[in-house]
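J.: The chain contents come next:
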Amino acid sequence: MTVITPTAESSTSIASFVRKISLVQIAAVAVAAVLIIFGAITNNFFSLSTFQGILNTSGIIAIVAIGVTFMTLSGNLFTLSASVTVLVLGQAFLEIVHFGPFPAILIILLLGAIIFGLQGWLVGRLGANVIIISVAAGFLQQGVAEYLSGSNPSILAPAGVTSYLWMRNTYGGILFSVWAMFGVVILGELFLRRTVAGRQIYLVGENRAAARTAGINVKRITIIAFVAAGICIAFAATLEAAYTQNAYSQGSYTFDAIVAILIGGTSVLGGKGSLIRTMFGALVVSYLSQMMVMRGYNTPTRVFVEGLLLFGVVVVMQLNDRGRS
Amino acid sequence: MGSVVGKNSLGVVRRWPELPQVAAVVVMFAFFWIMTAAKGTTPFSGANVANSLNYFGEYGLFALALGITMILGEFDISTLGTFALGGMIAVKVGSTNPWLGAVVAVACCSAFGLGQGYIIAKFRMNSMTLTVGGYLITLGLCGAINKNVQGNGNANIPPFLQKEILTIFSPMSLFVFAIFIVAGVALKYTSMGRKFLAMGGARKSSRAIGLPVNRYVTVTFGLSAALASLSGVLYSYTTATSLVDPGLTPFLFAVTAVLIGGVSLSGGRGAPFGIACGALSLSFLYGAFQTTAATPDISDTVYGLLLLIVAIWSAPSLKEWLGSIAAHPIFRSDKENKVAA
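Top to bottom, those sequences are chains X and L.
As numbered in the working numbering, residues 1 to 325 make up the first sequence, in order.
As numbered in the working numbering, residues 1 to 341 make up the second sequence, in order.
Careful, some of the hints might be misleading.
Label-pair distances were calculated between CB atoms; the ranges are [what the hints assert, rightly or not]:
hint	chain 1	residue 1	chain 2	residue 2	range
1	X	Q245	L	P17	51 to 59 Å
2	X	I114	L	L100	50 to 58 Å
3	L	A37	X	G100	46 to 54 Å
4	L	A178	X	P158	53 to 61 Å
5	L	D245	X	G183	32 to 40 Å
6	X	F102	L	W321	34 to 42 Å
Interface residues of chain X toward chain L, partial, derived using beta-carbon atoms under 10 Å [what the hints assert, rightly or not]:
hint	residue
7	F255
8	P300
9	R302
10	G307
11	L308
12	V314
Calculated from the structure, these hints are not laboratory results.
Where a beta carbon is used, it is the ideal one built from N, C-alpha and C, also for glycine.
Excised from the complex, chain X in its bound form (with noise of 0.2 Å):
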């Protein structure tokens, strides 16, 4: 029989692998501990068909919050004007959509690209609060799109056009927007590490004086992270509506894309984090999301449980940053 004693060594491995830990590394357990011990505490909480809902809830919040990453990580925060695009754009798809779903893709998407390039020309061009203008553009497309709908709110899908529900099916037990979301995360990630604009923008986020001093044109790349964050969201805006088949209402898009970005881990200063990560947050959202649904919690509850977790989250990563510091 043989006998095993710690040895100095070993317990110097330990206490250096302790000391490797994080404080993002413990919370993050921490978090994930208690979503698993809440799921499983919840009536047929881990089972397929729970799943399948969590994925096919997070496709279009993912894309919504993809997009908003790109801003993060180029140093621009947020945008406060995210549901009302996905709506407004949501509600231009419906009424051109007759014209075929890949031409009125298309124009959605340069739609996207040129509201949020104008805003992000705004920002990184006069150095305009990325906040407020995104307030103000909000507040702009809500009210072209009153004025086009002639203040009609209930935008419903074209009657007898079907050529676009592909948008809407499910594929192997999974929706289309969710196939999309890994899509849009492949793309997404492939721009951002394989192209020189990509790589620019986690530099300008990271340190915008370096980035100039080094002659990056900053204003540009500002531009850029914009563009891609309008096209990503005009995307979710073409499948949300394919989805519902209407534009009512603004969705609660806006904070969770936030909410999926910080958990995710992106640094809301800009420059560390990546899409595969926002996707894992949007992961998280949707999870928690289904878990309180399951647990017969309504909406004002899981908004609560969303905030504290986004200030729990904010808290860590800077307490983590300063430690490192």
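Start from chain X and add chain L according to the hints.
T.: Showing chain L alone in chain X's frame:
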């Protein structure tokens, strides 16, 4: 001659820096007058002006709440949540005793704001991010209170708050004016006010000379929450309703008023007088739209455009961009282009 006029006008602005804000009130009042006259109603009738000033009463303190955090170089998005939460608590708790409802609402929201401010100050956090969390928490609480607590608005309060005083005023608008005056005096004539402005303009230097920055940041967020909740209380008492989700409309009013009021986004510049002028000018705009029964497409577009214009006006690189445009060859004379070449 032109330069002399320029110098003189610049001198007036220097002597009275609030002139642009006062001009904004005059311009908006003129717009209000033209619109109401065009509608065929009497612009100076007490009811028309008093209606406009009621917007000032409902949203003015919210603008002040956001403004004081911006003067300190911070940004409190959670004011939108405390606005809704304050109104909700007041309506639910104060259905029989409105004063008690208002006190409980302001106390609860102030405690929340102080806690939030303490975290921001202690860990030197980005207030925009943390207060988004604060906004969601307060909004969630609002929904929970709405569902779980019985109580409706007291029907006797709206007539009292909107009772006519001196034709155009009401107890609500006079109360809000009074708070602006107190805030203005405190900021301009007390050492605390001067320290507050110094911290907003130069945070690092203030820390270096030993000013209690953390304490000021904490208290400012507490005050901001108190003012926003008081604004929510007035709104809810005036309309006898409680909002579960106010949307971004109060925020749009407040941000636009603060920027018209000359508050710098980088902190250190601005005063309650300017914010009051910004809020007053917007109140006349809102009043003009109400009198003329403008459709939402027009009002939303105008509000959005106005905020866009003031946001661009206050953008730090606007002058540099205008300079670069003026220096473009197509805007220069042939002689200047030859010299440049």
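J.: Which hints, by number, does the structure contradict?
T.: The structure breaks none of the hints.
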